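**Q** One-letter residues, chain by chain:
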Amino acid sequence: MKSSRQRRVAVTGLGAVTPLGNDVQTTWAALLAGRSGVSLITEFSTEKLRSDIAASVKGFDPTALMSAKEAEIHGRVNHFALAAAVEAMRAAGLDHPRDPEVATSPETTRLPVDPTRVGCLLSTGQGAVDIFEQQILKSAERGPRSVSPYFIPGVMLNGVSALISMRYGLMGPSYNIASACATGTHSIATSALLIEAGEADVMVAGGAEAATRMNTVAGFGNARALARSVDGAPEKASRPFDKRRQGFVMGEGAGALVLEEEQHALARGATILGYVSGFGMTTDGEHITRPHADGLGLRLAMSRAIARAGITPGDIGYINPHATSTTHGDVAEYAALHAVFGERLAEVPVSATKSMLGHLLGAAGAVESIATLLGLREGRIHPSINVDELGEEFVHLRLATEALRVDARYALKCSAGFGGHNCALVLERA
Amino acid sequence: MADQTDLLSLFKSIASHVDKRSFDDVTPASVITELGIDSLSMMQIVGEMETELGVMIPDEDLVDLRTVGDLVSKIQARQA
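Chains D and R supply the protein sequences, listed in that same order.
Taking the working numbering as reference, the numbering of the first sequence is continuous, increasing by one, and the terminal residue is 430.
Taking the working numbering as reference, the numbering of the second sequence is continuous, increasing by one, and the terminal residue is 510.
The set of hints was computed from the structure by calculation and includes no laboratory data.
Some hints could be false.
[To be verified] Under the rule of at most 20 Å between Cα atoms (straight-line distance), these lysine to aspartate or glutamate pairs were calculated in the EDC-like manner:
id, chain 1, residue 1, chain 2, residue 2
1, R, 442, D, 99
2, D, 69, D, 99
3, D, 48, D, 133
4, D, 236, D, 389
5, R, 450, D, 389
6, R, 442, D, 133
7, R, 450, R, 482
8, D, 69, R, 454
9, R, 450, D, 61
10, D, 58, D, 72
Nothing here was measured: the structure is a model prediction, and the numbers come from that model.
Model the full structure from these sequences, guided by the hints.
**A** Printed below as a string of structure tokens:
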């Protein structure tokens, strides 16, 4: 357990936009019900692509939060990020946008907290792929003078954090962390680190992604990383730890968490939803896409997260793994889990959010952390779907194939990204 | 070559497209800074007009522009 003198990181707000719902409660209800958000791609032609399925956000209107002009400047990833951030800030009692006609300052803020102590690390791994495609096409067809002056601010990865910071007039640390599929998790870990270190009291943390475009599906598909429909059903394609798993399903969305120093939250009467009690960040340093065969980097990240929380593996009561449903990735992660938990792994319930949401890439770790925190808080974890036959390698894995009552204080959330970037979190019930 | 009236119409149409609002009331005497167009949006409008008309407006033509009429005159001169 942590020393009482240390600054402790509480969670005071959650927000999400996912293929299963455009807010946290809708998403969570669908996850508990074991529903899949995967379907056929309809936004563009999938002719000659190696996969024709994705988990897409449905019925999302960006102009609910920004003008039509702003919606055009920013890519879909920023739209999702802002919506998730606003939901999280509202839940935290902090959704007080600045007056855009007044210069930002601690004196003019409408926030009930010091804006110089509030930052944002809501990151994207891929950025606004839609804007890239659109502007490159425009240049090719009509020449470079037709390229929008908003092209650069529209595609810069830090545009996500900038947009959120500008809405509220946040003046603390804000930037973007990119570690591919570990982006959201790294952003939460680094935000917690900033709060623990005293650099901020509140951080809007998480991840966002909206990269399902023809060229990215081609790229991931040609790398043979993507799953296709199973038995003719798109919703059966994402099947972590199942014998017939064949790759991941591209997803999109955003997850936002308001992280806040515990005493700061208590002083303003905020509801504490949980804690980020530990984190570990490591790198494989071996291959650009293939995970370390024994999951060594991921194992170290898990061990460091558990040690930093001041607990032992025996205290972990639920595991929400990275579990992308790729042939090698799931095996490497299992090796890491088995090395950390040993035979006790068979006692800890595990469920993979990606079995339903697909792989939200840079948003995955954030949305999955939200699912993990809600599971701890409500004492009920969501299931892992599409497990007809557990892969023979996963002998000690206690995969929850239905929603399960779990009385756990601590959970482990892990993520790993292309590039060999690993991040693990220990999340704690309030 | 487009005349002043055509260029003014083109400006209004492109500005409406870029800024998602009506510019029907704009005249050659309209002062650009009073139209509420962001500096980047103004460059977007110029770029779209250049592309549409097949002309290149050098940077030096874009300094000291006060009115929409000033812009239209510069474009017209570059078309000649």
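**Q** Now look at each hint and say whether the structure bears it out.
**A** Going through the hints against the structure:
1. 442(R) x 99(D): With a Cα-Cα distance of about 29 Å, the restraint between residue 442(R) and residue 99(D) is violated, given a limit of 20 Å.
2. 69(D) x 99(D): holds, 19 Å
3. 48(D) x 133(D): holds, 18 Å
4. 236(D) x 389(D): holds, 13 Å
5. 450(R) x 389(D): It is violated: about 54 Å lies between the C-alpha atoms, which goes past 20 Å.
6. 442(R) x 133(D): Given that 20 Å is the threshold and the Cα spacing comes to 27 Å, the pair is violated.
7. 450(R) x 482(R): holds, 19 Å
8. 69(D) x 454(R): The given pair, whose Cα atoms are some 18 Å apart, holds under the 20 Å limit.
9. 450(R) x 61(D): Distance ~16 Å between residue 450(R) and residue 61(D) Cα, so the pair holds.
10. 58(D) x 72(D): holds, 18 Å
Going through the hint list in order, the structure does not satisfy hints 1, 5 and 6.
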